[in-house]
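Undergrad: Input sequences plus hints: build the corresponding full structure.
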Amino acid sequence: MIWTTILMAFREIKRNPMRSSLTMLGIIIGVASVIIMVALGRGAAFKITSDISSMGTNLLIATPGSERHGPTASAAQPFKQDDVRIMLRELGSVAEVAPAGSLGALLVNGNLNWSSTVTGSTNAYFQIRAFSFELGERFSDAQLQSGAAVCVLGATVRTKLFGTQNPIGSSIRIAKVNCAVVGVTRPKGQSSFGMDQDDFVLVPLATFQRRITGSTDVGVIFLSAHDGKQISKVKSQVAALLRERRRIAPGAMPDFNVQSMEEITATLGTVTNALIALLGAIAAVSLLVGGIGIMNIMLVSVTERTREIGIRLSIGARGREVLFQFLVEAMALSGLGGIMGILLGLLVSYVAARLMHLPFSLVPDMVVISFLFSASVGIIFGYLPARKASRLNPIEALRHE
Amino acid sequence: MSPKATALVELQDLTKIYGSGESEVRALAGVSFRIDPGEFVAVMGASGSGKSTCLNMLGCLDSATSGRYLFCGLDVGTLSIDQLALLRRNYLGFVFQGYNLLARTSALENVELPLVYRRVPAAERQQSAIQALQDVGLGDRMHHVPSELSGGQQQRVAIARAIVTSPQMLLADEPTGNLDSARKVEIMKLLQKLNQDRKITIVMVTHETDMAAFATRTLHFKDGLIERDLVSEKVSA
Ligand SMILES: Nc1ncnc2c1ncn2[C@@H]1O[C@H](COP(=O)(O)OP(=O)(O)OP(=O)(O)O)[C@@H](O)[C@H]1O
Ligand SMILES: [Mg+2]
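Protein sequence lines correspond, in order, to chains A and B.
Per this note's numbering, residue 1 is the first one in the first sequence, and the count goes up by one each step.
Per this note's numbering, residue 1 is the first one in the second sequence, and the count goes up by one each step.
Hint data in this document are derived by calculation from the structure and do not stem from the laboratory.
Here the structure is a predicted model, which means the values were calculated and not measured.
A virtual CB, placed ideally from N, CA and C, is assigned to each residue, including glycine.
Keep in mind that the hints are not guaranteed to be accurate.
[As the list claims (entries may be wrong)] Which residues of chain B face chain A? A partial, calculated answer using Cβ under 7 Å: (1) N56; (2) L61; (3) A85; (4) R88; (5) N100; (6) V116; (7) Y117; (8) R119.
TA: Shown next, in the form of structure tokens:
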């Protein structure tokens, strides 16, 4: 009898292709959209965090300006060259220190130009930011000391200005200064938010200060710690030293800011969590809409189905036998729709992740949650009206309008 | 045993009232009669006189407002919903005035349905259903769905569905209403044969004296009451 009933349920599904496919569609859309949204959200979040940690987990960044006013608050005095020297001498836990400043600039090679960022720093910058060389080499000590007109190109700048040609020995114009290219760094690739880490040109700090900005101020100090695990200790040492150098009274707000990469990651983490929550909310809405769709179809078909129930009861079916058939039908439709939704969701999120250069993330929890939700909507709304009808006497069920 | 104990059906002052207050309709206003096994009863009367209502009661499809209905001595009013379903399944066959076939379901599957609930194995089920459809002259329309069948053909599918189980009692609400006169006689002869050979008790609503003439007894309804109860002296053949 169980098999016969299951067979009957499947025949009933086949007999009503419209009703069946609309019910399944509601479930497919609901499940697939949740999987796609959450998978992409998590993929993006994962990419952001992994990009940032690829910049180096033992990296510290010191910027003038208090945290309250933001790092670019003009009132704060910039760092001095001496700050860097003393940091290197006094803090044993610090491995490298790279003072830096940067500015947007138009780069020109012959009739090709490209607008990018010019950064003035030392060779330590390559170390700290983990850039290796594809062509040529870093600056010589003499070039750094004298502020020679030389530069190292990021991979993007190299392609924009030289294509596949070897740029070593050629020179480019950076904000009206002609600089000889001495090196090209190996590409790191696209970073999160479409930020290109290879879109830069580096000149010696002295060159930057004397020839480009005309000021000896240091805008940013990059530091790397010997031991990534000690990062917070190193951070407070750096902060203490800078407080002393800048004569900040104990207890007063510092007019500078030292951040570890970890903190930046954490800050971004809250942003990406908000992103995930937003996508999740959108997905929840589509799940709900899918659920309402299922509900609609089920409720609309109640009249017709109540008559069917009346007929079955009148020829001797017991209420529970009719109900079992309806339950099998609802479960088969919901289950099938759910599985199709999962497959569609995984497929679309995989393709979309590839297209958007995001890592593809499986979201097993969402697969389960969305499947359970849609399936229960399908089952509840396929089953409950049937349950009501199966308790009527046959004549009442047959007269149902 | 007294003849009373052997009655297949016994109605005692049965009433059925639809609605209440102003709009109250007494479809059955206190009906009492008994039917013995093997009878072939025709039910006649004007439209709205309560024939279908009475047949629904006999078919255990609807509950009475008051009075008693004994089926084989069993008080139907005391049975649970499930017990009523089993009673319909195992002892009764019903032909509705409006056919009530499952939509989008072939004639064959419609006729098989009562056997499904009787747990008859598939092969045997199909064989019986084909036989029943051939009995009503629909051997060539088995795989058509109701929307592809004429009114008379649907009516015959409904008859086949009711007789396929060889029920103890067959209840038919105007089973020949939509048929031509040749077909009518054919169906009446089939019912008569079932009644005589398989000893199936039949209660049939009809408007036509010609059809009632095949029965062994005629109940006349008027305004929810039995006006006349006649045993035929001569039965058509
Ligand atoms: N569900 C219902 N609600 C209210 N009144 C009803 C209902 N069913 C039947 N009636 C009323 O009960 C009375 C008897 O109806 P019934 O269907 O038994 O008549 P009938 O003798 O079968 O008529 P016909 O020959 O036209 O089929 C009628 O007056 C009808 O209006
Ligand atoms: Mg009637």
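Undergrad: Run every hint past the structure and note whether it holds.
TA: Hints and how they fare:
{"no.": "1", "hint": "N56", "result": "holds (5 Å)"}
{"no.": "2", "hint": "L61", "result": "holds (5 Å)"}
{"no.": "3", "hint": "A85", "result": "holds (4 Å)"}
{"no.": "4", "hint": "R88", "result": "holds (4 Å)"}
{"no.": "5", "hint": "N100", "result": "holds (5 Å)"}
{"no.": "6", "hint": "V116", "result": "holds (6 Å)"}
{"no.": "7", "hint": "Y117", "result": "holds (5 Å)"}
{"no.": "8", "hint": "R119", "result": "holds (6 Å)"}
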